[in-house]
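Enquirer: The two chains are supplied separately, each in an independent frame; assemble them into the complex guided by the hints.
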Amino acid sequence: MDNPARRRIFGIMKHDSDILIVGGGLNGGTLALALAQTGFSITLIEGRAPTVGSGEFDGRSYALALASQRLLKVIGIWEVLDARAQPILDIKVSDGRAGEGPSPFFLHFDHAEIEEGPMGFMVEDRHFRPVLQAMIEASPAITLRSGSSVVAQDTIPGGVRVRLADGTDLTGQLLMGADGRASGVAERAGIARRGWSYHQTALVCAIGHERSHDGVAHQFFMPSGPLAILPLHGNRASIVWTEETQEADRISNLGAEEYLEVLRPRFGDFLGDIHLDGARYHYPLALSLAERFVAPRVALLGDAAHVVHPIAGQGLNAGLRDVASLVEVIVLAARRGEDIGTIDVLQRYEQWRRFDVVGLAAATDTFNRLFSTDNPILRLGRDLGLGVVNALPGLRRGFIREAAGLTGEVPRLLQGRMI
Amino acid sequence: MQASETTVDAGEVAKFEAMAAEWWDTEGKFKPLHMLNPCRLEYICAQIAAEFGRTRDGKSPFAGLRILDIGCGGGLLAEPMARLGAEVVGADAAAGNIPVAEVHAEQSGLEIDYRHTTAEALAAEGEQFDVVLNMEVVEHVADPAAYLAACAALLKPGGLMICSTLNRNPKSFAMAIVGAEYVMRWLPKGTHDWSKFITPDELFDLIRGAGLEPVDRKGFVFNPVLWKWKLSERDLSVNYVTASTKPAE
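In order, the protein sequences belong to chains A and B. Its first residue numbered 1, the first sequence is counted upward by one per residue in UniProt numbering. Its first residue numbered 1, the second sequence is counted upward by one per residue in UniProt numbering.
Looking at chain B on its own, in the form it has when it is part of the complex (with noise of 0.2 Å):
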């Protein structure tokens, strides 16, 4: 699955500019993924600075670091690292995202392998990647050890895994479920299956068992008031970030 036999066909573009449109309105159905796009950017970016010794004042701090996008999207994550300087591979499951991705991705200047593919895919064509973020999908997979096993095997020695998901609790039940999906709307409902969620410790547990070693982990936590998200040394309540590596050969 190249994203080179991803033809375009231009009477198609129209269309997929209206959805990466749509992916990149800041005020549309994506709105609550853009408000944690830059806390989510800040954790990831400083992790993988501190874990390859870069500094992120220069130009291009993440020359030389390929990058894998699990769950990519629109690009919301893979255009930043791209932009940093990464090599970086969006991956996607859904293959309406990809021709969407590589559009806006096209208009932003940026160069960008974006794949109609999962994890267990890439993992099989022995794929190696020095970072793989990992973000708001492991809960709606089917079996998240299998996933993070396929994960852990995409890393090189000495690599990175930056992997987000929900907390399971009442509060998060409250919060993800009835907040998001029902009374704001931010997520059409039935996004989440709640069952599915997995706490800090589980996803620790599962994370150890793929082989990988977890380094840190911090709390999303939304303030009301200033009406943006925050990193949480403690708050892991109902969204979280962890980073993980793989231990050196």
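In isolation and in its complexed conformation, chain A is listed as follows (with noise of 0.2 Å):
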């Protein structure tokens, strides 16, 4: 093979690292970690530069699926969480009006009916950012590029390459985009994306309260959206609720007491006095798709490839099945020797995922337009459906897995295994 004239022509390339991560985000940030402990060379890029939380509350926080949990506990995030998290060990989905209180037929889940423990954890972004960028740094494997924006990306024989702002060049075998609704990475590959606009605005804040929630979450279905209560460590709950996007601007420029004062009726007396704890937020809604999660050598998780309505928390955890689903796609052929940056490799991704993040948005929006509604009939047929699956324990049961994330072909990070 000593052919020097051979040698001229083609010469070997040697990349930067076999993947490229754009976005250090939750997802991000995640799958650098599992690809890193799979044996992955990884650069991940983030556009913002270092920050050094204050510890502090914020307001933020994420309801995380068992199967998502499963996820952390195998990369070795789930340890240093555990103690802060607060487990869901009962969801309470009911119908009701502002003022009127929860309808008598309530959709109750009760984690003892699935085998698998807590139906879920909650846990805040001052806790959950600080240690998986602790772990990143610490890890050998991946090369943190924080500041650093990309400008241009292309695919070279054998690989992709992404120039930054500073005019550095990196290659890998495979770039992952997981920069958000706006990717870079999506637009630079020529995804187009479709979605619209719900002209909802999502309030999120975060409580303390006098009594105890004993760890239940509840869901109540407003004729203006929905509205959870999610429980916090200690006797605190963050409450994600959804209003008509102008009187949800109105309400966030209300000062706290005000802004308590159109809370408090939403969901009644139960936890007993309530005050602010953090900052307040607003999302107005949109669904988007990008129109392909894959290219060549390129693949979209994350928000970068759907953004569908929080109505049951499922942003996060649709990242992480992305996450897990992609991790397992390329591990296991790359332990068959084949090239992981080839689209019928990447394709088995984008199938594995496609047909669960497009039924999630459908199903969102269509759960999300039925309950947002005055119409009495339909409001007694919601009553009665629910009371109907109420006393069907089997039914129930597939409901509360749904929303656990455990059906389907679950892949093996999401069982708690790793690949």
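Since the hints were derived computationally from the structure, they do not count as laboratory data. Hints are not guaranteed to be accurate.
[To be verified] With a cut-off of at most 27 Å between alpha-carbon atoms, the simulated DSS-like pairs for lysine-lysine come out as follows:
no., chain 1, residue 1, chain 2, residue 2
1, B, Lys156, B, Lys29
2, A, Lys14, B, Lys15
3, B, Lys59, A, Lys73
4, B, Lys59, A, Lys14
5, B, Lys189, B, Lys156
Computed from a prediction, not measured in an experiment: that's the story for all the values here.
Expert: Here you go:
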């Protein structure tokens, strides 16, 4: 094989890393750790400069499905988070109108009906992000480039190349875009997006309350949209509710006391007196799907691939399902000696996730449209429907398992197994 | 016929690159091979790992193994074996495949020794391998017994041969000839001569006749709903694969 003429023509390619990841958020960071632990070298490119959090609660928290928690357990994040996480022991879903409280037929999900323990966990951003950051920095297989934005990307023989704003070129076998709903990776790969706005805005805040929540999460369906009360560690809870965008803008501009006055009647007094804890947030709701999740040498995940209505808190969980599926597809392909960046390998990931994600988007959309109504006939049908679901344990278990992310062909990381 | 003697004229490179692109186009004329490839590789890798006591989760799990891929074509099996750390020789009786496979290996950053030769010629040269991959070749050769004897001679004592082919029965006729060649047009008409197909029992007899010990056989089964191939313990009715070892001296 020592033909010097041929060497000059081709030249052997040596990549900077096996895999380049753009976006160092929760999905991108978890993906980098999981891939590093299965033997790949990673460059993680994050646009924002590194920040040191104050450790103070800022109001942001995540409802992790059981399957997501298992993934974090396998990659070693969970043991640090465990003591600060609040198990969700029960979820009560009910139909209610402001001031009336829940309807008598409510859907009662109890973790005792599934064998796997709690139904999920509430984790605060101030705990999750620093643990992830520390593990990424400690991993010898991950090169972190913070404060670097990508200005160009193109495929090359046997790989992909990105150019950073400072002129640095980086190459890898595969580029993964975890860079959010305005994904530059998707745009540069020529992947279009489709979606629409719901003309609704999610209002998010955290409260401290008088009485214990007993680990119970509540979801009320109000005419304006759903409201969720999610238990945090101690006598605290995360509140997510949606309003028409105009009304939401008005509410989010209110002072703290007036804001509480709007919130109080929406879920009654069963937790006793409440006060705000940490900052308030509001997010306009929109559905946005990438037309493809993969292109040659490129894979998208998390919000870069799909933004769904956050009605069931499924955004991060859907992203972590992407992580688990993508890692499994890539690891198994690499173990067979396949080129991990080729489209036929990446399409296995797309096929696995596409149905699930599009199904989730359609399901949450329909769910929201059905429940955001004041039509008395629809309300009655819903009440009866929920009563019927409650009377059929098998059907109800199915709902719980779906919500906990345990159905379908489950990636090994979500089953708590290393690949 | 050493690869170093296969000189590549720079003017020919573009042509070979185009042909390599064709071999490696997963939607192109070799689509059926690409669809089958993950399933074939899974079987090959599992058998090699088990036979030589390698774990599959490290880097270069097949380092130190010398592997021959007979009928290598564009390198669809040779490249994965090289990527897993093996020292790979790819042999093809069609001279045109060699520079094409070489071009693609260079693009992939892999060192593979491609040669325009046959199993019989390599055996006559006294070449020895830990593993011989003999995939979808035996149904195309004129004298399967002589061919398998050459494959056996190429194995070191304790070596492993993986051999896949097509079964001979009405179902394989319907699937491989009528289905793949005429209906789906996956393969050019006349690719296969059904009368040359070999049943698993016949193949095992031929393998034993060549002095090897058959140790495993499985079916490749196409699932038209999932549109992918799977390994099957029981269904060897159309495509199947076998593993055989050469007794240690």
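Enquirer: So which hints don't hold here, by number, going up?
Expert: Hint check: 1, 5 fail, others pass.
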